[in-house]
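Trainee: Work out the full structure, taking the sequences as your base and the hints as a guide.
These protein sequence lines map, in sequence, to chains A and B.
Take the first sequence: its position 246, counted from the start at 1, is 246 in our numbering, and no numbers get skipped.
Take the second sequence: its position 77, counted from the start at 1, is 500 in our numbering, and no numbers get skipped.
Hints are computed from structural coordinates only; laboratory data are not their basis.
A hint or two may mislead.
A few chain B residues that don't get close to chain A, going by computed Cβ distances all over 12 Å [stated by the list, open to error]:
| no. | residue |
| --- | --- |
| 1 | 427 |
| 2 | 432 |
| 3 | 440 |
| 4 | 450 |
| 5 | 451 |
| 6 | 452 |
| 7 | 487 |
| 8 | 489 |
| 9 | 568 |
Calculated pairs, DSS-like style, for lysine-lysine (alpha carbon to alpha carbon, straight line, at most 25 Å) [said to hold, decoys possible]:
| no. | chain 1 | residue 1 | chain 2 | residue 2 |
| --- | --- | --- | --- | --- |
| 10 | A | 88 | A | 200 |
| 11 | A | 391 | B | 464 |
| 12 | B | 521 | A | 200 |
Keep in mind the model is a prediction, meaning the values are calculated, not measured.
Every residue, glycine too, gets a C-beta built ideally from N, C-alpha and C.
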Amino acid sequence: MAGYISSLSIFSLTFYFIISGKLDRTVASFIGAMAMVVAGKLCGFYSQEEAFHSIDFNMIGLLLGMMIIVSVCKKTGFFSYIAVRAAKASNGSTLRLMVMMGCVTAFLSMFLDNVTTIILTIPITVLICDIIGISPLPVVLTEIVLSNIGGVGTMIGDPPNMMIASASEFSFDDFIIHLFPIVMVAIVLGIIVLAFLFRKETKVVPQNFHSVLNINEKAAIKDEKGLRRVVFSLAIVVGLFILQKRHGFHHSFIALIGAGIVLLLVRPDLEDIMRDVEWPILAFFASLFVLVGGLEKAGFLSMIAGKIGMIARVNYNLAKISILWVSAIFASLVDRIPFTTAMIPIIKEVGELGFNVDSLWWVLALGVGFGGNGTPIGSIVGVVGLAMSEKTNSPIDYKTWIKTATVVMLVTIIFVTLLIKII
Amino acid sequence: MKIRDVMKKDVISIDPSTGIHDIYRIFCEKRIGGVPVVDKKNNLLGMVTKKELLDVLNPDYFDMVSDFLFIDDFGALEEKLESLPSLELFIAEDLMIKNIITINENASLMKAPALMNKHNVKRLPVVNKSGKLVGIISRIDICHALFRGKGLI
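Mentor: The following block contains the structure:
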């Protein structure tokens, strides 16, 4: 009982500090993790060995490997090149520009970290909008929303997917089969909703479109040879992921092999690359795993799993719908990473109760992924995107967000709810 | 040698409400590249240099764009800039850098070039103990002091 109470209070307190922003989230989760280890040893519910084993190094290695690859990729000028190409293809229509830029961001988010994608695409998008003389707001908002949706499409698109992949042992192609088609439809739905809500803004005809046609996007690529090598390495990584069931290498090793190939072929400045790796995020994940491990060993998560099992026994679809909506609401209001970390052992335990939990994993991924669009603080992409838009002359405010992105979140979650039987 | 022995004492300063056009005129007429901003009691508030004047032209998000060397034609942005109606509205308070590097009048002269190099600035406002502006020191002032000391001037 002491374990029960102490683990739950340490977790809740840490969670409070993470979402209130009173402490840096890595520092909060790190202190929480250490408190959990101390309480676990004193009350005897969580040994130090168990704490070590609770860290999912497979997921952390996957994230690290992808961070290294992305870091090399972003120095090549590839993102500016793609953005200008998309802008040129929009052919002078604001609506088409919004759709093109959104789709490019969604596609990039499927393979690269969403925040990196947003940080690289928003500034060049705003610049292009300013050059052709339209308000960047609808385009930037579409990029943010579609980045969140696109990230759900593949195993490597978003950290929650990586965590789920590592815990469930689903392979890359499982994600493609189960999530990718839903995400594609959700992207279309998102575009339709945003095109309708921004129907006034997108009617504006850009006056200076010819200036974009004058841009030589090839000049944006700083290191063409390097870019070709990065693309080659990324292709190897994706190839290895697709063939994962045949060769049986873990997710982390595939990403790290890719990182090794990139470093070998491109030979970037290693210090530069290591500065780009977000070590605080990796430490945040490791700490969360230790923290949630304590909650799990204290028996708290089994209790929740038991409750979900009870619902599932009566009506399995109802259990799926509740996980979907709870995940979506959690993801839109608070940090979804700790939530996902806590849900993983719960779903595993539900599986041990004798249920086939495959669809619960997919529902969790969709819920936390699409739910991120619920409010500006629901995803890091939203937080970063909004901060960036504040530097433009048409910043996205909360009201605009609620009227547009939140609607997309509701539409996409309702869409998944309608599909619940076949997921 | 101390800073106060070398600094320029008749320092030109402006108050926070000075308009951008007046600042520009001071730069042209006095042939200086930076001017301290002080309140009525001569407390140092910030600094405006030529760089801050030019920063008005660049949108805030420009520092986030990783590379725009490949863009030559800035289209509507350029047109907006040429007819920037709000340019006159900028005053020293909006333009100035607030966290500036200062040096105390009693500090050793040695410290000035070290500070300038470390923070990559061309001039240092000199303050007394209570933070009031008492002078300004630039690279050439330090050179003057050094050469005068060697009897070269």
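Trainee: A separate judgement is required for each hint: does it hold in the structure or not?
Mentor: Evaluation of the provided hints:
no.	hint	result
1	427	41 Å, holds
2	432	40 Å, holds
3	440	24 Å, holds
4	450	27 Å, holds
5	451	30 Å, holds
6	452	33 Å, holds
7	487	4 Å, violated
8	489	7 Å, violated
9	568	39 Å, holds
10	88/A - 200/A	22 Å, holds
11	391/A - 464/B	34 Å, violated
12	521/B - 200/A	41 Å, violated
Violation of the numbered hints given earlier is confined to hints 7, 8, 11 and 12; the remaining hints are satisfied by the structure.
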